[in-house]
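Trainee: The residues making up each chain are set out below.
Number of protein chains: 2
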Amino acid sequence: MPKATINSKSAKLSKSEKRVAEIYRVAANIINEKGYEATSMNDIARKLKLTKAGLYYYIDGKRDLLFAIIKFGMQQLEDNVLEPCQAIEDPEERLKEIIERHTILILELGGSISILTDEIQSLTPANRKKIVAMKRVYMDFVRKTLRELRSQKKMRQINLNITAMNLFAVILGVARWYSPRKGWGSAKVAREISKFVMGAIVK
Amino acid sequence: MPKATINSKSAKLSKSEKRVAEIYRVAANIINEKGYEATSMNDIARKLKLTKAGLYYYIDGKRDLLFAIIKFGMQQLEDNVLEPCQAIEDPEERLKEIIERHTILILELGGSISILTDEIQSLTPANRKKIVAMKRVYMDFVRKTLRELRSQKKMRQINLNITAMNLFAVILGVARWYSPRKGWGSAKVAREISKFVMGAIVK
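As you go down the protein sequences, you meet chains A and B in turn. Here the first sequence is numbered in this note's numbering, starting from 1 and rising by one per residue. Here the second sequence is numbered in this note's numbering, starting from 1 and rising by one per residue.
Just so you know, these hints were derived from the structure itself, not from any lab. Don't take every hint at face value.
[Unchecked claim] Below are the SDA-like pairs computed for lysine to any residue, each with C-alpha atoms no more than 25 Å apart in a straight line:
1. B:K62 - A:K153
2. A:K195 - B:R143
3. B:K47 - A:Q86
4. B:K34 - A:R176
5. B:K34 - A:R46
6. A:K34 - B:R19
7. A:K47 - B:K71
8. A:K188 - B:K47
9. A:K135 - B:Q121
10. A:K52 - A:L123
11. B:K188 - B:K47
12. B:K195 - B:K129
13. B:K182 - A:L160
14. B:K195 - A:S122
15. B:K62 - A:Y36
16. B:K203 - A:A38
17. A:K71 - A:V26
18. B:K182 - A:K52
19. A:K182 - B:M139
20. A:K153 - B:K195
21. A:K47 - B:E37
22. A:K129 - B:K34
23. B:K129 - A:R176
24. A:K129 - B:M139
25. A:K195 - B:K144
26. A:K47 - B:Q121
27. A:K188 - B:M155
28. A:K188 - B:K34
29. A:K203 - B:Q157
30. B:K182 - A:D90
31. A:K34 - B:M198
32. A:K153 - A:K52
33. B:K195 - A:R156
[To be verified] Some chain B residues flagged as far from chain A (calculated, every beta-carbon gap over 10 Å):
34. S16
35. E37
36. T51
37. I162
38. T163
39. A169
40. R176
Don't be surprised by glycine CBs; every beta carbon is placed ideally from N, CA and C.
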C-alpha cells in the first residue's frame with residue numbers, strides 16, 4: 001500500500017537526466033572528498049571510466065561543473081518539492097509533504113549533490129547570485145508555510161527563522177549520515193524525518 | 001539573571017588554549033573553504049599575520065594540523081559537554097543540558113572547527129581510529145540518554161538511531177548557518193535549539 005505514496009513522491013528524471021545525474025553524483029563525491037580546487041577533470045573521468053573527451057561531451061569544463069551540479073540540484077528541488085507542494089492548501093499537510101519529498105530527493109540523487117549545494121563560495125559572482133536566488137525562493141516558501149501554521153495557532157512558541165534553519169539542517173543532515181548499508185528504505189527515512197521535524201514544530 | 005547560567009555553560013579555556021583555539025579556528029576556516037589538499041601552511045600563516053616559523057611554533061606541520069584541530073574539538077566536547085552532563089541523573093534534564101552546552105561550545109569555538117570534525121577521511125588510519133573512538137563515546141552517551149528517556153515512556157514513537165542523527169544534525173547545523181550578524185546571543189540560540197530538539201523527542 002505505501003508503495004503508491006512512495007512512487008508518487010519519487011523524483012521524476014528522464015533517461016538522459018539520470019545519466020547526467022550519475023555524472024554529477026560522482027563528481028560531487030570527489031569534490032566533497034578532495035575539495036573543489038584539488039579535484040581535476042582527470043579524477044572525475046577516471047572514476048566514471050570515461051575518456052577525458054567522453055567527459056567533455058557532458059560537461060563544458062571544471063569551471064562550469066560546480067555551477068552545473070548545484071543548479072541541477074536546485075532545479076530538482078524546484079520540480080520535485082516546491083512545485084508539487086505549492087498545490088497543497090493546508091500548511092501542516094504541506095510542511096509534511098515538503099519534508100518527505102525533500103528527504104526522498106536527497107536519498108535518490110545521492111547526498112553529495114545536496115552537500116555541494118552549500119559550497120557556493122567557489123562560484124563566479126553572477127552564478128552565485130543565480131543560486132542564491134533559487135535558494136531564496138525555496139526558503140521563502142518554507143517560511144511562508146511556517147507563518148501560515150503560526151497564524152493558525154498550530155506552531156509551538158519557537159523562533160520561526162531558527163526553526164526554518166533547523167528544518168533544513170535535519171533534512172540535509174540525511175545527506176551526511178545516511179548509508180544504504182543501514183538497510184532503511186528512503187520512504188521509511190523520510191517518514192522518520194518528518195515525524196521528528198513535525199513533532200518539533202507543530203503543537 | 002540568565003548570565004550566571006550562560007557563564008556556567010561556557011567553555012572553560014585557558015589563555016594558551018584560547019590562542020591555540022584561535023589558530024585552529026582560522027586554519028579550519030581556510031580548510032573548509034579551500035579544501036584540505038589545496039590549503040598550504042603559507043595560507044594559514046598569512047591569514048594569522050604570523051611568519052611561517054611563528055606558525056610552526058604552534059603547529060608541527062600540515063600533516064598533523066587536521067588531526068590536532070579535530071582532536072581539540074573532540075576534547076572540548078568531552079570537557080564541556082560530556083563530563084558536566086554525566087553528573088545529571090534525570091535523562092530529560094541531561095538531554096536538554098547536552099544540547100545547550102554543545103550548541104554554546106560550537107558558537108564559542110567557531111563553527112569551522114565543528115564542521116571540520118566531519119572530515120576524518122584525510123587523517124591517517126591510526127589517527128582516524130582515535131577520533132572515531134572519541135566520537136563513539138559521545139554518541140553512545142547521547143544514545144544511552146535517549147534509551148533512558150524511552151524506558152521512562154517520555155520519548156515519542158520515533159526511531160532512536162535516526163533521532164540521534166537528527167539531534168546532531170540540528171546542533172551541528174548551527175555551525176553552518178549561525179552568523180553573529182544576526183544579533184542572536186549564544187544563550188538564546190542554544191535555548192531555541194533545545195526547544196526544537198526537545199519538542200521533537202519528548203512526548
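Trainee: It remains to establish, for every hint, whether it holds in the given structure.
Mentor: Hint-by-hint comparison with the structure:
no. : hint            : verdict
1   : B:K62 - A:K153  : 53 Å, violated
2   : A:K195 - B:R143 : 18 Å, holds
3   : B:K47 - A:Q86   : 46 Å, violated
4   : B:K34 - A:R176  : 20 Å, holds
5   : B:K34 - A:R46   : 23 Å, holds
6   : A:K34 - B:R19   : 29 Å, violated
7   : A:K47 - B:K71   : 32 Å, violated
8   : A:K188 - B:K47  : 46 Å, violated
9   : A:K135 - B:Q121 : 29 Å, violated
10  : A:K52 - A:L123  : 23 Å, holds
11  : B:K188 - B:K47  : 31 Å, violated
12  : B:K195 - B:K129 : 34 Å, violated
13  : B:K182 - A:L160 : 14 Å, holds
14  : B:K195 - A:S122 : 35 Å, violated
15  : B:K62 - A:Y36   : 19 Å, holds
16  : B:K203 - A:A38  : 47 Å, violated
17  : A:K71 - A:V26   : 16 Å, holds
18  : B:K182 - A:K52  : 45 Å, violated
19  : A:K182 - B:M139 : 17 Å, holds
20  : A:K153 - B:K195 : 17 Å, holds
21  : A:K47 - B:E37   : 19 Å, holds
22  : A:K129 - B:K34  : 20 Å, holds
23  : B:K129 - A:R176 : 19 Å, holds
24  : A:K129 - B:M139 : 38 Å, violated
25  : A:K195 - B:K144 : 21 Å, holds
26  : A:K47 - B:Q121  : 18 Å, holds
27  : A:K188 - B:M155 : 19 Å, holds
28  : A:K188 - B:K34  : 36 Å, violated
29  : A:K203 - B:Q157 : 16 Å, holds
30  : B:K182 - A:D90  : 31 Å, violated
31  : A:K34 - B:M198  : 36 Å, violated
32  : A:K153 - A:K52  : 57 Å, violated
33  : B:K195 - A:R156 : 9 Å, holds
34  : S16             : 30 Å, holds
35  : E37             : 4 Å, violated
36  : T51             : 25 Å, holds
37  : I162            : 5 Å, violated
38  : T163            : 6 Å, violated
39  : A169            : 3 Å, violated
40  : R176            : 7 Å, violated
Hint compliance for this structure: hints 1, 3, 6, 7, 8, 9, 11, 12, 14, 16, 18, 24, 28, 30, 31, 32, 35, 37, 38, 39, 40 are not met, and every other hint is.
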